[in-house]
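Enquirer: Letter by letter, the sequence shown follows residues 15 to 100 in my numbering.
Derived from the structure by calculation, the hints contain no laboratory data.
Glycine included, every Cβ here is placed at the ideal spot set by N, Cα and C.
Heads up, a few of these hints could be off.
Said to hold, decoys possible - Okay, derived cross-link-like pairs now, BS3-like style, lysine-lysine, Cα gap no bigger than 25 Å in a straight line:
hint: 1; residue 1: Lys28; residue 2: Lys71
hint: 2; residue 1: Lys71; residue 2: Lys81
hint: 3; residue 1: Lys24; residue 2: Lys61
hint: 4; residue 1: Lys48; residue 2: Lys81
hint: 5; residue 1: Lys76; residue 2: Lys28
hint: 6; residue 1: Lys62; residue 2: Lys76
hint: 7; residue 1: Lys61; residue 2: Lys71
hint: 8; residue 1: Lys24; residue 2: Lys48
hint: 9; residue 1: Lys48; residue 2: Lys62
hint: 10; residue 1: Lys24; residue 2: Lys76
hint: 11; residue 1: Lys32; residue 2: Lys61
hint: 12; residue 1: Lys53; residue 2: Lys71
hint: 13; residue 1: Lys32; residue 2: Lys81
hint: 14; residue 1: Lys76; residue 2: Lys53
hint: 15; residue 1: Lys83; residue 2: Lys61
hint: 16; residue 1: Lys24; residue 2: Lys53
hint: 17; residue 1: Lys83; residue 2: Lys62
hint: 18; residue 1: Lys24; residue 2: Lys62
hint: 19; residue 1: Lys62; residue 2: Lys81
hint: 20; residue 1: Lys61; residue 2: Lys81
hint: 21; residue 1: Lys83; residue 2: Lys32
hint: 22; residue 1: Lys61; residue 2: Lys76
hint: 23; residue 1: Lys48; residue 2: Lys76
hint: 24; residue 1: Lys48; residue 2: Lys61
hint: 25; residue 1: Lys83; residue 2: Lys71
hint: 26; residue 1: Lys32; residue 2: Lys62
hint: 27; residue 1: Lys32; residue 2: Lys76
hint: 28; residue 1: Lys48; residue 2: Lys71
What the hints assert, rightly or not - Pair by pair, the computed Cβ-Cβ distance ranges are:
hint: 29; residue 1: Lys32; residue 2: Lys71; range: 20 to 30 Å
hint: 30; residue 1: Val33; residue 2: Thr56; range: 34 to 44 Å
hint: 31; residue 1: Asn30; residue 2: Ile84; range: 24 to 34 Å
hint: 32; residue 1: Ala72; residue 2: Ser49; range: 17 to 27 Å
hint: 33; residue 1: Arg88; residue 2: Glu68; range: 21 to 31 Å
hint: 34; residue 1: Arg37; residue 2: Lys62; range: 38 to 48 Å
hint: 35; residue 1: Glu35; residue 2: Gly89; range: 16 to 26 Å
hint: 36; residue 1: Ser44; residue 2: Glu97; range: 35 to 45 Å
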Amino acid sequence: MPAILDDAVKSIMKENPKVSESRAYAIATSQLQKSGDLKEGTQEPTKKGARRGEMSKATRAKTRARKYKIERERGKRDERNTEGRD
């Protein structure tokens, strides 16, 4: 299993001790596929998922915070100039 999937399952089971392991894997798989860390319909990591799986939990939180800060500064819209592009 990918490291990011195992970390997510551990986190889910820690927060909800009554959840079965198979249910925790289902929840984690679904969420990681939605976020683009796992390929759709599989438990195989994408490049992003493999890179994030190598990070510590704290490092993942820092990169997520940086992403949200950039989105807030842009007004949650990407306002890049795309004039002249084909």
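Enquirer: It remains to establish, for every hint, whether it holds in the given structure.
Expert: Going through the hints against the structure:
no., hint, in the structure
1, Lys28 x Lys71, "holds, 14 Å"
2, Lys71 x Lys81, "holds, 16 Å"
3, Lys24 x Lys61, "holds, 22 Å"
4, Lys48 x Lys81, "holds, 17 Å"
5, Lys76 x Lys28, "holds, 22 Å"
6, Lys62 x Lys76, "holds, 15 Å"
7, Lys61 x Lys71, "holds, 18 Å"
8, Lys24 x Lys48, "holds, 19 Å"
9, Lys48 x Lys62, "holds, 13 Å"
10, Lys24 x Lys76, "holds, 20 Å"
11, Lys32 x Lys61, "violated, 32 Å"
12, Lys53 x Lys71, "holds, 21 Å"
13, Lys32 x Lys81, "violated, 33 Å"
14, Lys76 x Lys53, "holds, 23 Å"
15, Lys83 x Lys61, "holds, 23 Å"
16, Lys24 x Lys53, "holds, 20 Å"
17, Lys83 x Lys62, "holds, 20 Å"
18, Lys24 x Lys62, "holds, 20 Å"
19, Lys62 x Lys81, "holds, 14 Å"
20, Lys61 x Lys81, "holds, 18 Å"
21, Lys83 x Lys32, "violated, 35 Å"
22, Lys61 x Lys76, "holds, 19 Å"
23, Lys48 x Lys76, "holds, 20 Å"
24, Lys48 x Lys61, "holds, 15 Å"
25, Lys83 x Lys71, "holds, 18 Å"
26, Lys32 x Lys62, "violated, 31 Å"
27, Lys32 x Lys76, "violated, 30 Å"
28, Lys48 x Lys71, "holds, 19 Å"
29, Lys32 x Lys71: 20 to 30 Å, "holds, 23 Å"
30, Val33 x Thr56: 34 to 44 Å, "violated, 22 Å"
31, Asn30 x Ile84: 24 to 34 Å, "holds, 32 Å"
32, Ala72 x Ser49: 17 to 27 Å, "holds, 18 Å"
33, Arg88 x Glu68: 21 to 31 Å, "holds, 28 Å"
34, Arg37 x Lys62: 38 to 48 Å, "violated, 25 Å"
35, Glu35 x Gly89: 16 to 26 Å, "violated, 42 Å"
36, Ser44 x Glu97: 35 to 45 Å, "holds, 39 Å"
The structure is inconsistent with the numbered hints 11, 13, 21, 26, 27, 30, 34, 35, although it conforms to all the rest.
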